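S.K.: Since chain A is already given, all that's left is putting chain B on it; use the hints.
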Amino acid sequence: MKSLLKNKAKPIIIYTLGIIIAAVFLSPFLWLISTSLKTRSEVYSFPLTIIPENITFQNYVYIFSRIGDFGRFFLNSVIVTAISVTIIVFLSSLGGYALGRKEFLGRGFIFGFIMLVLTVPYVMYLIPVFIMEDALGLRNSYLGLILPYVALNLPWGLFLMRGAFQGIPGELEDCARIDGANEFQIWYRVLLPLVKPGLATTTIITFVFVWQEFLFAVSLQTQSAWQTLPVGIVFIRDELQSLPYHNISAMIIVSLIPIFIMFVVFKDFFISGITEGAIKG
Amino acid sequence: MQKLKNMANFRNNFSFVPYAFIGPGLLFLAAFIGYPLIYSFYLSFTEYNYVQDAFPVFNGLQTYISLLHNSTFLTALTNTLIFAAVYFFASMFFAFIIAVVINEIDRFQTFFQLSVYMPIIVPLSLAGVTFVWILDPTFGVANFLLKQLGIAPVSWLSNSSLSLFTLVGVKFWKFLGFSVIIILAGLQSVPKRLYEAAKIDGANFLQQTIHVTLPGIKSYILMASLYQIIQAMKVFQLPFVMTKGGPGNATITLYLYSWRSAFSHFDMGNAAAAAYITSAIILSFTAIANWLLGSD
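Chains A and B, in that order, give the protein sequences.
Residue numbers 1 to 281, in the working numbering, belong to the letters of the first sequence in order.
Residue numbers 1 to 296, in the working numbering, belong to the letters of the second sequence in order.
In case anyone wonders, no lab produced these hints; they're calculated from the structure.
Everything hinted at is true.
Here are the simulated distance ranges between beta carbons: (1) Ile65/B to Arg66/A: 51 to 61 Å; (2) Pro137/B to Arg40/A: 16 to 26 Å; (3) Arg107/B to Pro52/A: 26 to 36 Å; (4) His69/B to Pro197/A: 51 to 61 Å; (5) Asp201/B to Gln166/A: 32 to 42 Å; (6) Lys10/A to Arg193/B: 12 to 22 Å; (7) Thr49/A to Ile97/B: 29 to 39 Å; (8) Arg40/A to Gly246/B: 22 to 32 Å; (9) Phe184/A to Leu194/B: 40 to 50 Å; (10) Ser41/A to Ser284/B: 48 to 58 Å; (11) Ser189/B to Asn54/A: 42 to 52 Å.
Here are the simulated DSBU-like cross-link-like pairs (lysine-lysine), alpha carbons at most 35 Å apart as the crow flies: (12) Lys218/B to Lys102/A; (13) Lys10/A to Lys192/B; (14) Lys192/B to Lys267/A.
Fair warning: this is a prediction, and the values are worked out from it, not measured in the lab.
Backbone N, C-alpha and C fix where the C-beta goes; we use that ideal spot for every residue, glycine too.
Excised from the complex, chain A in its bound form (with noise of 0.2 Å):
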């Protein structure tokens, strides 16, 4: 009797507590939904409505009409994430094969550099890396945000693409070189193939930190004109000094639509890229 009881119970309690778990995460997120389809006299007034009393997408249409620097801020966004992740992933490739596959001088040093930059924080660098683009006249320009992405998010790729081409058999390259295929041919018609899911998860991984970043796009960035999303709203948030948060709210949900898309696509190769170093131990 009593483990029928307990049987019963112990779903009811789970579920209560996913429920409860469910709405924590997510309730921020209806929130922002919520403001932004609201009017602005709507969202400045007492009481508060928590579901939209006039649904309105005003604000969408005035964040991309009105705000000439949204538009420019979600371009530089997607510009310098596509060229980073790309540029990215074709790197994270070719090294991942020597780091996984050749035995080679300086190998051991490069890994441990890798696992040590994975742990250092960002300001570390970003204060030579300053120095550096202000010499060159990098700063305010999609290459000088470009550059010390593709740096920053290397170490991840390279620990990524090296796992992946580890798991693959030795025998299909030892044949591929019997049939006289070169070092450029094995890497790319034999072994590339085999590690696209290594790529996938790379690309995910890499594209989700490089939309997000904040701390070199606000050092490195002083015109609006080349600043992203994190950057850019946060700074419009502080010009529009008056009650902004109906056009606040619409600004951040769109800016999160291209990153939402690829992690519920890319979702399972996401998790097997975090939980990569847990397995490997």
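M.R.: For chain B alone, kept in the frame of chain A given last:
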């Protein structure tokens, strides 16, 4: 003998091929990571005002010594350590609980997983902006809901003894998903038969957790710990966006202190020294975690 053979093998097989593959990536790492690491180490032993001085002037340990007598820096250090301790232990504890709950759920598990992972996609700075709005003293929904429950409004960000913990809460919301992903993967890797054996021995849920679950997911807990230690110590965007380090210096952190030294006061030597101290603390914490939880 084997070693000699290996060396001979190595010499015979030496080729530039691996370097051709790793080379392009190494160039990026050398220019934007290796060189900056060394240069900022050098800067930390200099006096260098970026606007006024033509070049850095070596002054030995002077920057480090004056940092240890600088009350703002010491406040930043204390705040960072308090933030890190509360954030780290709370996030590990709740990540474990949440992962266990999600692991027990059979139907709609993906929905519950995704709801906890969803904040991962929000840039931290925009999470800060979102919570400034939620916690707004007049029009914020948080105090509105408290009022419905008959609780007096809370000054989340303007009360100097509370604001640091408010930031902990926001960081917690944003980053908990990472730990849950890792620990959930661990829970799913523990063989079911171990639980069945424990049940036959009459172990209750708590005993199973202590004797089966926790030892089984040790490497996952280590991984999550290393990740969260780094997050716990890197506190920059939230005070930057939400409180500007205030009220007073209540939410100034090492990271924010270092950044302001560099980009508000252009005191590059001081900023580099503060950054190096921050890194030293992070590395020693990760070493302790490795030592406590690392390979048996």
